[in-house]
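Could you put the whole structure together from the sequences, leaning on the hints where they help?
One line per chain: the protein sequences are A and B, in this order.
FYI, our numbering numbers position 48 of the first sequence as 48, with every residue one higher than the one before it.
FYI, our numbering numbers position 14 of the second sequence as 14, with every residue one higher than the one before it.
No lab work stands behind these hints, which were simulated from the structure alone.
Possibly wrong hints are sitting among the right ones.
The list makes no distinction among identical chains, and a pair is therefore deemed to hold if it is satisfied within one copy or across any two copies.
Straight-line Cα separation of at most 25 Å, SDA-like style, residue types lysine to any residue; simulated pairs [said to hold, decoys possible]:
| # | residue 1 | residue 2 |
| --- | --- | --- |
| 1 | LYS10 | ASP73 |
| 2 | LYS51 | ASN24 |
| 3 | LYS62 | GLU41 |
| 4 | LYS13 | ARG74 |
| 5 | LYS44 | PHE23 |
| 6 | LYS13 | LYS84 |
There are 2 protein chains.
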Amino acid sequence: MYIILVYDIKLDKEGQKVLRKTFNICKRYLSHIQNSVFEGELSKSQLMSLKWEIGEIIREDKDSVILFESRSDRWLDKEMLGIKEDKTSNFL
Amino acid sequence: MYIILVYDIKLDKEGQKVLRKTFNICKRYLSHIQNSVFEGELSKSQLMSLKWEIGEIIREDKDSVILFESRSDRWLDKEMLGIKEDKTSNFL
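As structure tokens, then:
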């Protein structure tokens with residue numbers, strides 16, 4: 001499955017730690033393409049463990065993670081305006 | 001076509017103005033679902049004019065906008081962890 005993941009972490013007192021952990025988890029599964037955006041191909045079991053790990057970190061009432069799941073990237077076209085691909089990718 | 005749009009605007013001196021304009025343009029075409037994430041169904045001509053308007057605002061060397069285009073939302077599943085749908089949607 002092709003996955004696009006976007007997160008919005010509330011930067012309150014513990015927010016920085018949650019953000020760093022969330023970023024590091026996502027980097028282990030997906031490619032970092034923009035500030036809080038990741039994409040990549042995952043098996044169902046990888047997707048399940050990614051969701052489980054994220055669920056252990058984020059705060060239900062403060063943080064938001066959205067996953068778009070497509071059966072294949074064949075049905076998804078990607079277009080980038082402005083800066084292409086996030087060269088830095090060492091966001092933190 | 002089903003569109004997912006994500007932007008990352010560099011918040012330097014004119015960044016706030018670019019961010020506000022980008023947000024307002026996106027809101028006219030798509031639904032705001034998270035901090036810098038929009039989604040919705042657009043015709044090809046609507047998509048072209050959205051891209052044109054955004055191209056007029058963002059700075060090629062500083063800002064990044066990614067558009068994922070899927071022929072239909074039937075091939076896309078969306079899952080939200082943490083805070084559901086951005087109720088506020090008056091981000092600015």
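Quick rundown of the hints versus the structure:
| no. | hint | verdict |
| --- | --- | --- |
| 1 | LYS10 to ASP73 | neither (30 Å within a copy, 28 Å between copies) |
| 2 | LYS51 to ASN24 | within (13 Å within a copy, 32 Å between copies) |
| 3 | LYS62 to GLU41 | neither (28 Å within a copy, 28 Å between copies) |
| 4 | LYS13 to ARG74 | neither (41 Å within a copy, 40 Å between copies) |
| 5 | LYS44 to PHE23 | within (20 Å within a copy, 34 Å between copies) |
| 6 | LYS13 to LYS84 | between (32 Å within a copy, 22 Å between copies) |
Figure legend: structure checked against the earlier numbered hints; hints not met, in rising order: 1, 3, 4.
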